[in-house]
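Undergrad: Here the protein sequences come in this chain order: A and B.
Heads up: the first sequence at position 265 corresponds to 265 in this note's numbering, and the numbers run straight through without jumps.
Heads up: the second sequence at position 53 corresponds to 53 in this note's numbering, and the numbers run straight through without jumps.
Source of the hints: derived by calculation from the structure; they are not laboratory data.
Virtual Cβ for every residue (Gly too), placed ideally from N, Cα, C.
Any given hint might turn out to be false.
To be verified - Here are the in silico distance ranges between beta carbons for each label pair: (1) A:P244 / B:T347: 54 to 60 Å; (2) A:D262 / B:D137: 51 to 57 Å; (3) B:Q136 / A:N35: 21 to 27 Å; (4) A:P351 / B:T347: 45 to 51 Å; (5) A:P351 / B:Q340: 50 to 56 Å.
2 protein chains.
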Amino acid sequence: MDTAERADAGTPAPKGPAGTPATTPRRRRPGRSQNASMADVARLAGVSSQTVSRVSNGYAGVTEETRRQVRAAMEQLGYRPNSAARALKSGEFRTIGVITFTLSTTGNVRTLEAIAQSAAQEGYAVTLLPVALPTQDEVRGAFSRLEELAVDAVIVIMEVHLLDAAVITLPPYVQVVVVDSDAGDHYTVVDTDQAGGTRAAVRHLLALGHETVWHLAGPEDSYAAQRRADAWRATLTEAGRTPPPPVRGDWSAESGYRAGLDLAGRDGCTAVFVANDQMALGLLRALHESGRRVPEDVSVIGFDDIPEAGAFLPPLTTVHQDFAEVGRLCVAAALRQMRQDAPERGTTLVPTRLVERASTAPPPGR
Amino acid sequence: MDTAERADAGTPAPKGPAGTPATTPRRRRPGRSQNASMADVARLAGVSSQTVSRVSNGYAGVTEETRRQVRAAMEQLGYRPNSAARALKSGEFRTIGVITFTLSTTGNVRTLEAIAQSAAQEGYAVTLLPVALPTQDEVRGAFSRLEELAVDAVIVIMEVHLLDAAVITLPPYVQVVVVDSDAGDHYTVVDTDQAGGTRAAVRHLLALGHETVWHLAGPEDSYAAQRRADAWRATLTEAGRTPPPPVRGDWSAESGYRAGLDLAGRDGCTAVFVANDQMALGLLRALHESGRRVPEDVSVIGFDDIPEAGAFLPPLTTVHQDFAEVGRLCVAAALRQMRQDAPERGTTLVPTRLVERASTAPPPGR
DNA sequence: CTGTGCGATGTTTACGTAAACATCGCGAGT
DNA sequence: ACTCGCGATGTTTACGTAAACATCGCACAG
């Protein structure tokens with residue numbers, strides 16, 4: 001490029017910014033971005049920049065010969081299309097924003113990973129919008145940052161009740177997909193089939209002969225936790241059993257441990273459905289320390305099927321979630337909405353699968 | 001154009017989109033992005049668009065009165081600066097790209113989260129670049145996608161040996177920071193003090209009276225694993241002990257389990273330093289199943305201090321990594337390099353801390 | 001032999017922002 | 001009273017791309 005430029009400026013100067021004398025050899029700003037522009041390529045290839053554009057975007061209407069020449073010039077100059085200019089012209093950023101409160105739960109991370117993967121396949125980038133605290137203010141802040149962000153659509157991995165006030169401030173042309181929520185009336189929602197997975201777990205325990213099934217639930221403000229608790233209660237009721245009072249944790253192994261100490265003391269607690277695997281881990285430790293054997297004395301089923309679940313003591317029977325599929329569907333929905341430039345409503349549920357390992361057995365004395 | 005526009009919208013209706021006559025009121029392309037532009041705000045506020053720009057960027061030289069008026073107009077029109085135009089003009093995207101192979105290790109996720117957090121504080125967005133497979137080709141592909149991406153700097157969370165060929169194709173103005181690598185000669189590297197953490201762990205075990213310390217290492221192609229193994233060996237040698245042959249895992253709990261079955265059979269294995277907590281989890285299960293008690297018969301120390309480590313059976317003594325600090329330093333380094341528009345070299349190590357829980361004790365018979 | 005039509009290519013323009021430069025008006029200094 | 005200077009504001013321009021429109025030349029029909 002340097003040669004071409006300088007030659008251009010030095011010779012009789014047929015075209016281009018001939019005005020620029022020997023000085024200023026096309027100075028770039030300090031934090032400059034691009035190297036060669038279409039104009040540079042065009043000059044080197046001896047064509048117009050529009051032709052370069054056509055080649056760059058693979059349009060027809062360019063001779064093979066010309067195309068070849070342009071390609072060579074691009075190669076030589078190391079030309080890369082400037083995405084900012086492209087976005088400015090087209091109004092599309094080819095980017096999806098993901099808002100999430102925390103990356104400390106397996107589910108969120110797995111989903112995010114799948115979203116990034118799917119998006120990349122579709123030629124979209126993923127921008128991460130972390131929200132420090134799960135407060136309305138923080139969420140609103142994230143959305144407001146998002147507003148001036150280069151994003152075509154947003155996927156929200158978060159409880160909706162934190163959303164209400166925030167979403168309305170989003171520019172109307174940004175499409176939203178929500179995970180882990182019951183906002184199906186207002187947005188496209190993609191979620192694991194919490195109820196189905198729960199039902200499978202509870203029925204499995206009942207089928208083993210347990211009189212009833214206890215529940216170590218997630219935090220009250222979690223929609224997923226709520227759903228699992230509801231389905232647990234409903235399944236027991238349907239089966240004519242009396243649901244014992246649920247115990248609450250906060251998803252952490254530590255809280256599972258505390259709950260386990262509690263449950264270990266309860267008479268007649270022979271089976272526990274735990275709302276996630278991490279809490280199940282803590283529960284297992286508490287039961288062990290309390291001298292209750294798993295699965296001989298107490299059966300335990302988790303939820304999530306984190307990679308470590310098979311290495312628990314004993315290996316944990318749990319409900320497998322297909323996070324990859326959730327991510328894929330999110331991206332698909334986001335792109336669909338973008339293309340039709342209109343929101344959709346409704347909920348898509350991704351089925352779960354019960355993974356039987358070694359933490360369940362018939363109740364003692366049967 | 002301005003005249004045409006004004007004529008178009010120039011009906012008696014002076015302001016607001018209230019007018020919208022039968023004619024096309026400023027039609028936007030289908031997938032259109034922006035609502036109001038500076039020009040719109042300027043028109044409404046009765047100033048020039050440059051003044052709007054000044055207000056938007058908080059520059060001085062604008063009367064309080066004018067500023068107020070412009071603000072009001074912005075508010076009314078729901079004006080949001082167009083980041084594409086901004087990027088085109090300034091050459092900065094205010095975005096940092098993060099390339100990572102997998103989000104299945106705690107370390108990567110934690111680091112990513114911290115990066116996102118720090119970046120947000122600095123007003124930068126984070127774009128995620130997933131690499132499907134840890135092959136040179138895949139990495140090169142990711143980088144090549146990155147080239148046309150709107151990114152000012154890149155943070156690579158990955159073993160460098162996968163990088164060599166790829167990085168050279170990056171546009172020269174994009175700054176790179178690397179984690180988990182020994183590429184300090186070529187890039188800015190931020191990493192946990194693997195050696196220091198390992199030394200603390202091994203010394204702790206020796207101080208308890210163990211004759212030597214076995215090592216369950218991570219995969220060979222991992223730089224972190226290599227460093228930990230080297231430091232383990234060096235520390236033992238320094239102390240005049242003979243390092244037993246290391247056992248290899250692949251970071252997964254499952255591989256830790258297999259290694260544990262192996263180690264449980266070894267005579268004289270009373271202490272194991274495991275290269276990460278997940279493998280330690282599997283190891284604990286294997287030892288348990290083999291009838292070796294932890295910590296009475298065998299002491300175990302992990303690495304990472306994942307949130308669940310305290311809920312293991314027994315709670316795991318482990319080396320705590322400050323991922324948040326790593327992330328923060330990455331962002332700081334990236335921004336620093338961007339601002340001075342030049343790469344830096346050198347490695348920054350983030351100290352670790354040994355967290356003592358219940359998986360270590362003096363060797364049996366002492 | 002001349003027009004018609006179409007494929008290949010060039011030219012103009014707009015996208016929204018912000019730097020650089022231009023202008024305008026008013027108060028201070030002489 | 002008059003200019004100088006400066007603060008407030010306006011005008012021009014460029015960033016890189018791509019749509020829309022313009023042009024050019026050649027093959028083919030009449």
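Undergrad: If a hint holds in the structure, say so; if it doesn't, say that too.
TA: We went through each hint and held it up to the structure:
{"no.": "1", "hint": "A:P244 / B:T347: 54 to 60 Å", "verdict": "56 Å, holds"}
{"no.": "2", "hint": "A:D262 / B:D137: 51 to 57 Å", "verdict": "53 Å, holds"}
{"no.": "3", "hint": "B:Q136 / A:N35: 21 to 27 Å", "verdict": "24 Å, holds"}
{"no.": "4", "hint": "A:P351 / B:T347: 45 to 51 Å", "verdict": "47 Å, holds"}
{"no.": "5", "hint": "A:P351 / B:Q340: 50 to 56 Å", "verdict": "53 Å, holds"}
Violated hints are absent here; each numbered hint is respected by the structure.
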